[in-house]
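Read top to bottom, the protein sequences are chains B and H.
Start counting the first sequence at 1; every next residue gets the next number (this note's numbering).
Start counting the second sequence at 374; every next residue gets the next number (this note's numbering).
Keep in mind the hints are simulated off the structure, nothing from the lab.
One or more hints might be untrue.
Pair ranges (Cβ atoms, derived) [stated by the list, open to error]:
1. P181/B <-> S464/H: 40 to 50 Å
2. G127/B <-> F446/H: 53 to 63 Å
3. G500/H <-> K157/B: 25 to 35 Å
Ideal placement from N, C-alpha and C gives every residue a C-beta, glycine not left out.
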Amino acid sequence: MKKIFVCTALVLALAGSAFGAPFKLGGTAPLTGGAAIYGMAARNGAQIAVDEINAAGGDITFELRYEDDTHDAEKAVNAYNALKDWGMQVSLGSVTSKPCEATAAENFADRIFALTPSASSAAVTEGKDNVFQMCFVDPNQGSASAQYIAEKKLATKVAVIWKNDDVYSKGIRDTFIEKAPTLGLEIVSDMTFADGNDTDFSVQLTDAQTKGAELVFLPMYYQPASLILAQAQGMGYAPKWFGVDGMDGILTMEGFDKSLAEGVMLLTPFNADSTDPKTVAFVAEYKKRFNEVPNQFAADGYDCVYAFKQALENAKANPDQDADEICPLLIEQFTTMVFNGVTGENVRWSANGEVTKDPKGMVIQNGAYVGLD
Amino acid sequence: MVFLNFFISGISLGSIYAIIALGYTMVYGIAKMLNFAHGDVIMVGAYVCFYAVARYELPPVLGVLIAMLLCTFLGIIVERLAYKPLRQAPSLAVLITAIGVSYFLQNAALLLWSSNPKVFPSIIGRGAYKLFDGALSVSHVTVLTIVTCLLIMIVLSLFINKTRLGKAMRACSEDKSAAQLMGINVNATISLTFAIGSGLAAVAGALLCSAYPTLMPTTGSLPGIKAFTAAVFGGIGSIPGAFLGGLMLGVIEIFAKAYISSQLSDAVVFAVLIIVLLVKPAGLLGKQVTEKV
Chain B
1 MKKIFVCTAL VLALAGSAFG APFKLGGTAP LTGGAAIYGM AARNGAQIAV
51 DEINAAGGDI TFELRYEDDT HDAEKAVNAY NALKDWGMQV SLGSVTSKPC
101 EATAAENFAD RIFALTPSAS SAAVTEGKDN VFQMCFVDPN QGSASAQYIA
151 EKKLATKVAV IWKNDDVYSK GIRDTFIEKA PTLGLEIVSD MTFADGNDTD
201 FSVQLTDAQT KGAELVFLPM YYQPASLILA QAQGMGYAPK WFGVDGMDGI
251 LTMEGFDKSL AEGVMLLTPF NADSTDPKTV AFVAEYKKRF NEVPNQFAAD
301 GYDCVYAFKQ ALENAKANPD QDADEICPLL IEQFTTMVFN GVTGENVRWS
351 ANGEVTKDPK GMVIQNGAYV GLD
Chain H
374 MVFLNFFISG ISLGSIYAII ALGYTMVYGI AKMLNFAHGD VIMVGAYVCF
424 YAVARYELPP VLGVLIAMLL CTFLGIIVER LAYKPLRQAP SLAVLITAIG
474 VSYFLQNAAL LLWSSNPKVF PSIIGRGAYK LFDGALSVSH VTVLTIVTCL
524 LIMIVLSLFI NKTRLGKAMR ACSEDKSAAQ LMGINVNATI SLTFAIGSGL
574 AAVAGALLCS AYPTLMPTTG SLPGIKAFTA AVFGGIGSIP GAFLGGLMLG
624 VIEIFAKAYI SSQLSDAVVF AVLIIVLLVK PAGLLGKQVT EKV
């Protein structure tokens with residue numbers, strides 16, 4: 001009896017792989033709450049990629065499942081556990097940094113390979129051989145921004161306003177401050193705010209203005225940035241503004257006066273106006289389904305799924321394998337392969353999970369993102 | 374000139390604290406309880422005003438009136454359901470309940486309106502008065518906030534000191550059981566206090582969000598705590614004290630940020646508070662009450 005059962009199971013398993021059973025791909029993201037704008041975008045992007053791959057009907061197909069973590073580390077671990085019970089074989093980690101630091105530790109302990117679309121803090125990948133990032137790690141954003149400002153000669157006198165109780169903001173600011181002087185940029189004003197006093201920015205802006213800053217660097221999320229832009233306009237101060245990927249989302253805030261963001265520059269690896277055929281197709285599909293232009297998070301989610309497809313194909317992985325069997329195969333692939341996606345050409349990963357790709361400069365014009373180069 | 378600019382920034386921040394502190398101090402002065410949910414009533418008022426003005430395109434004054442009306446109802450309902458059953462309970466229980474109400478309102482707002490930040494349309498525009506050829510600018514919102522503050526202060530003082538209801542309030546504040554023996558309806562008086570306090574919260578919400586335009590379910594909580602500090606600073610229970618405390622807190626915060634360190638500004642603010650309370654334990658304008666045993 002037992003033998004028959006084992007035989008049937010084997011036959012079923014073989015039949016399953018022959019008909020291309022899907023790999024179970026799971027991730028956690030803030031689908032509700034203040035950071036939902038990022039979570040929804042990443043999930044939508046990933047979903048498009050999964051549908052395209054499944055429709056093409058190759059050897060590799062995916063079943064995608066996202067769980068809500070509301071940008072909370074504890075809830076992210078619960079969501080991760082739900083995905084593990086479901087039988088997740090490859091993981092998309094979490095979308096935002098703080099929850100991802102928590103789920104990455106679980107990924108490492110459980111030997112489930114993870115590639116996060118957008119969790120950018122250095123602690124996400126640190127010391128974990130099976131956790132990789134699709135976005136730039138925070139310190140790199142700081143040095144890349146300084147380099148971009150210097151190369152394009154946008155300014156020589158720069159002010160920085162950053163949030164001192166946020167790892168994301170501090171991580172970017174620290175490397176920016178370190179790198180800027182070596183490139184001939186002068187930091188004339190370096191001011192902070194924290195959660196409790198993030199309503200009034202008159203002091204920070206006056207300081208930047210009186211010290212003659214031509215450009216203000218804002219390594220922060222869009223919500224305080226929107227207040228800064230409004231108050232600067234009230235003061236009649238109009239420097240160049242330079243943001244980071246957290247600035248993405250400012251244009252979709254309900255009631256936001258888009259003219260305030262006119263001319264704001266930001267460094268992001270994705271340009272929705274690019275004429276690259278892959279990007280054009282992705283943007284068109286995203287617009288059709290969700291009625292908006294995809295932001296960088298959506299593109300990261302999309303690329304993650306394609307990177308997984310490439311790696312699983314190269315490794316000749318089989319959907320019947322357990323997560324811990326797939327994990328070493330993927331580690332080997334990701335540290336050696338070169339990936340071309342919508343967020344960059346010739347994307348490579350180092351052994352510590354950090355990504356190397358070229359950032360693109362973007363500027364907000366008439367309420368939309370336009371590529372600078 | 375830069376100094377004056379910082380001073381004006383401080384006054385505009387302080388005027389917002391002051392208007393929130395008025396509500397805190399009035400409820401404390403009469404009902405003798407700290408209504409920690411005050412900041413969240415402010416948030417509800419701001420949302421109501423946001424929907425009235427931005428979604429239904431009503432004139433701002435009407436929006437504020439609707440917000441006042443709804444917040445007054447909200448205040449009465451909260452008082453009836455959460456505080457009234459605890460009238461005889463120790464004050465610690467009421468305090469904990471108030472914190473509970475605060476969380477309840479925040480999470481209800483999260484469900485109702487989601488936590489995507491909304492940009493509040495200013496009720497009087499974003500313009501500013503320019504002085505000395507534009508070297509100094511005072512925004513219209515700041516002027517409106519200060520005028521509203523003064524107006525509320527005068528009306529409240531007159532109401533409490535000159536009317537029969539105000540007399541009843543003062544009586545309740547001094548001794549609830551004696552007031553009851555004199556034929557004052559203590560429960561109704563305290564409910565009325567909450568109703569007025571919540572109505573004021575709606576005005577504060579509209580002004581807070583006109584000055585600093587992002588609106589989220591947690592918008593009220595931090596300014597609420599700062600305003601509570603301002604009320605204690607000025608002497609909790611004293612209406613002019615709340616106004617003075619609010620303005621001073623704002624100015625100290627901005628000066629600390631500008632001249633000491635933008636990282637340490639909150640530490641400086643609270644250090645000043647501790648020093649004031651060490652020298653004058655009842656706050657700047659608070660009455661030192663000695664209780665007879």
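Against the structure, the hints come out as follows:
no., hint, in the structure
1, P181/B <-> S464/H: 40 to 50 Å, "57 Å, violated"
2, G127/B <-> F446/H: 53 to 63 Å, "55 Å, holds"
3, G500/H <-> K157/B: 25 to 35 Å, "30 Å, holds"
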